[in-house]
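Undergrad: As a plain string of letters, each chain reads:
Number of protein chains: 2
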Amino acid sequence: MELYSDIKKVQQMVSNLHQQGETIGFVPTMGYLHEGHERLIQRARQENDYVILSIFVNPLQFGENEDLDHYPRDEKHDRAIAERNGVDMIFFPTVDTMYPNALSVEMTVTRRADVLCGRSRPGHFEGVVTVLAKLFNICRPTRAYFGMKDAQQIAVVDALIEDYNFPVKLVPVPTVREQDGLAKSSRNVNLTDKEREEAPAIQEALQKGREMVQQGIKNPLTIKNEIRKFLESKTHGKIDYIELLSYPKLQDVHHIEGQVILATAVYYEKARLIDNVVFDADGQLAYG
Amino acid sequence: MELYSDIKKVQQMVSNLHQQGETIGFVPTMGYLHEGHERLIQRARQENDYVILSIFVNPLQFGENEDLDHYPRDEKHDRAIAERNGVDMIFFPTVDTMYPNALSVEMTVTRRADVLCGRSRPGHFEGVVTVLAKLFNICRPTRAYFGMKDAQQIAVVDALIEDYNFPVKLVPVPTVREQDGLAKSSRNVNLTDKEREEAPAIQEALQKGREMVQQGIKNPLTIKNEIRKFLESKTHGKIDYIELLSYPKLQDVHHIEGQVILATAVYYEKARLIDNVVFDADGQLAYG
Numbered sequence: 001m002e003l004y005s006d007i008k009k010v011q012q013m014v015s016n017l018h019q020q021g022e023t024i025g026f027v028p029t030m031g032y033l034h035e036g037h038e039r040l041i042q043r044a045r046q047e048n049d050y051v052i053l054s055i056f057v058n059p060l061q062f063g064e065n066e067d068l069d070h071y072p073r074d075e076k077h078d079r080a081i082a083e084r085n086g087v088d089m090i091f092f093p094t095v096d097t098m099y100p101n102a103l104s105v106e107m108t109v110t111r112r113a114d115v116l117c118g119r120s121r122p123g124h125f126e127g128v129v130t131v132l133a134k135l136f137n138i139c140r141p142t143r144a145y146f147g148m149k150d151a152q153q154i155a156v157v158d159a160l161i162e163d164y165n166f167p168v169k170l171v172p173v174p175t176v177r178e179q180d181g182l183a184k185s186s187r188n189v190n191l192t193d194k195e196r197e198e199a200p201a202i203q204e205a206l207q208k209g210r211e212m213v214q215q216g217i218k219n220p221l222t223i224k225n226e227i228r229k230f231l232e233s234k235t236h237g238k239i240d241y242i243e244l245l246s247y248p249k250l251q252d253v254h255h256i257e258g259q260v261i262l263a264t265a266v267y268y269e270k271a272r273l274i275d276n277v278v279f280d281a282d283g284q285l286a287y288g
Numbered sequence: 001m002e003l004y005s006d007i008k009k010v011q012q013m014v015s016n017l018h019q020q021g022e023t024i025g026f027v028p029t030m031g032y033l034h035e036g037h038e039r040l041i042q043r044a045r046q047e048n049d050y051v052i053l054s055i056f057v058n059p060l061q062f063g064e065n066e067d068l069d070h071y072p073r074d075e076k077h078d079r080a081i082a083e084r085n086g087v088d089m090i091f092f093p094t095v096d097t098m099y100p101n102a103l104s105v106e107m108t109v110t111r112r113a114d115v116l117c118g119r120s121r122p123g124h125f126e127g128v129v130t131v132l133a134k135l136f137n138i139c140r141p142t143r144a145y146f147g148m149k150d151a152q153q154i155a156v157v158d159a160l161i162e163d164y165n166f167p168v169k170l171v172p173v174p175t176v177r178e179q180d181g182l183a184k185s186s187r188n189v190n191l192t193d194k195e196r197e198e199a200p201a202i203q204e205a206l207q208k209g210r211e212m213v214q215q216g217i218k219n220p221l222t223i224k225n226e227i228r229k230f231l232e233s234k235t236h237g238k239i240d241y242i243e244l245l246s247y248p249k250l251q252d253v254h255h256i257e258g259q260v261i262l263a264t265a266v267y268y269e270k271a272r273l274i275d276n277v278v279f280d281a282d283g284q285l286a287y288g
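Chains as they are written, first to last, in the UniProt record's numbering: chain A, 1 to 288; chain C, 1 to 288.
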């Protein structure tokens, strides 16, 4: 496994790989790798000749109230996980390497950003697309891997790739779950025993919504109301939002016709949990 | 010479070229090719294995008062010029191909845009960087060629490439001139005989400014005043601006230390002419 922190060296390396006709799988992360990241790496490993993992805590995607300085880091642990899963190169640039000067050309996300979790994170997706445009140009991957847990991020990255014709295939990877269906998250350890017991209701509720669509109910409001009732009966968590939007455009729908996302966020005492399902007008799951 | 209008096909073609280790020279244009474009193509031809010329009248870079609909087009003439100068591929997409949907991720040029000609063309450089980011991702060139006549455009493209790490080398090509030094321009035919006789004073004035720097004068104000006096004595044209800025950052300078641009725009009755010189603190020309 090779370690790179210099942009030009990565570009030279990647140029050689292209000349050899090798496919490149790319997993962009902020480090502190967990099982979700591992799943991304494994998928990249299966589908590509060469796998690049980037580790960069991107200051641009942190809001004013978000704690950049205390973002957890564990380089040694990350390296071990990367090595174990067959990563060929880790790219871990410094902030000065990635942002040597103030940007003269800035990116704004004018669609897909102001819904779901994006509503409460102004500027977050600007930071995400800026760093990804850079990383795509540095690593020039054949495929880039993102977890469906953050479905909105995938929708925004999809827009970046489509709008600017980046020659990279976006691969959404299904959310890793516990036996009882709860989406894996580093935040789950902050749940009380009782909360942990109740939390699988989140995924149950979303699947219930999907089943309603399978049964022919196409009115988003009916579905959201039903889910709200179900969640309120099954858990003491406070519902932040329940949204049903077109996917990946993330626009309001009044009647379910094409692909949609059903997503929710629930506050517990010391953790806010999110989850989603993406499916079509027949209730067929879009990803795994 | 091959003709392409489909984005995916160009990307496939270009991917093959990369695999063969071929270098790609890229000349982006809006068509209606003239001698300045020819010079760019010739330089690209000299320095690369494969030369791509794009012809796309980009609606995004036209202002509200700028006449997109009447922008001149002459496909047959353009093809002949391309063929004659050894272009390997012309990429000529439609507007629908380039902008199938409203953009979700938009680019804003926050530096280098609001000076020189950019001052009177709000939104122009946003359109330029947007289409170039797309064209770079479609054609993935080794080198991209731009004329120094539009030095501000080069400065903005330089920012785009640096800020987003596009793996492309920007090649500024010196302005093509008449025997008497007047920068070639399709607008020169709109000059009266008397105006045409006076117009070489523009380049003379700029060279005079450069000579002042060679002689040790480092105060931009002194230089600009001298040039203004010279121009006013030599031509009846109305001076739009005379600016001396750092290059390529295009910031005000109070004392000439690094590389600078000295640029002017002059109104004649039916034509507005622009010209510039870029040089260092010793008055040494930067290009050509």
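In short, the hints are calculated from the structure, not lab data.
Careful: at least some of the hints might be erroneous.
Intra- or inter-copy, both count: the list cannot distinguish identical chains.
[Claimed, not checked] In silico DSS-like pairs for lysine-lysine, Cα to Cα no more than 27 Å straight-line: (1) K8 <-> K249; (2) K218 <-> K194; (3) K234 <-> K169; (4) K249 <-> K9; (5) K9 <-> K169; (6) K184 <-> K218; (7) K184 <-> K229; (8) K238 <-> K194; (9) K8 <-> K218; (10) K169 <-> K8; (11) K169 <-> K229; (12) K229 <-> K270.
Undergrad: Does each hint fit the structure? Answer for all of them.
TA: Do the hints match the structure? See the list:
1. Taking identical chains as interchangeable, the C-alpha atoms of K8 and K249 lie at most 27 Å apart only when they sit on different chains, with a minimum of 22 Å there against 35 Å within one chain.
2. In this homomeric assembly, K218 and K194 never come within 27 Å of each other (Cα to Cα): the closest approach is 34 Å inside a single copy and 75 Å across copies.
3. For the identical chains of this complex, K234 and K169 are neighbours neither inside a copy (39 Å) nor across copies (59 Å), given an alpha-carbon limit of 27 Å.
4. Within a single copy, K249 and K9 get their C-alpha atoms only as close as 36 Å, which misses the 27 Å cut-off; across copies the closest is 26 Å, which meets it.
5. Taking the closest pair of Cα atoms, K9 and K169 come within 27 Å of each other both inside a single copy (23 Å) and across two copies (15 Å).
6. In this homomeric assembly, K184 and K218 never come within 27 Å of each other (Cα to Cα): the closest approach is 30 Å inside a single copy and 64 Å across copies.
7. Proximity of K184 to K229 under the C-alpha cut-off of 27 Å is restricted to the intra-copy arrangement: shortest distance 24 Å within a copy versus 73 Å between copies.
8. For the identical chains of this complex, K238 and K194 are intra-copy neighbours only, at 14 Å inside a copy versus 80 Å across copies, given an alpha-carbon limit of 27 Å.
9. Taking the shortest Cα distances, K8 and K218 never come within 27 Å of each other, neither inside one copy (51 Å) nor across copies (36 Å).
10. Proximity of K169 and K8 under a CA criterion of 27 Å is satisfied in both settings, with 23 Å inside one chain copy and 12 Å between copies.
11. With identical chains, the CA atoms of K169 and K229 are never at most 27 Å apart, being 39 Å at best within one copy and 59 Å at best between copies.
12. Proximity of K229 to K270 under the C-alpha cut-off of 27 Å is restricted to the intra-copy arrangement: shortest distance 23 Å within a copy versus 72 Å between copies.
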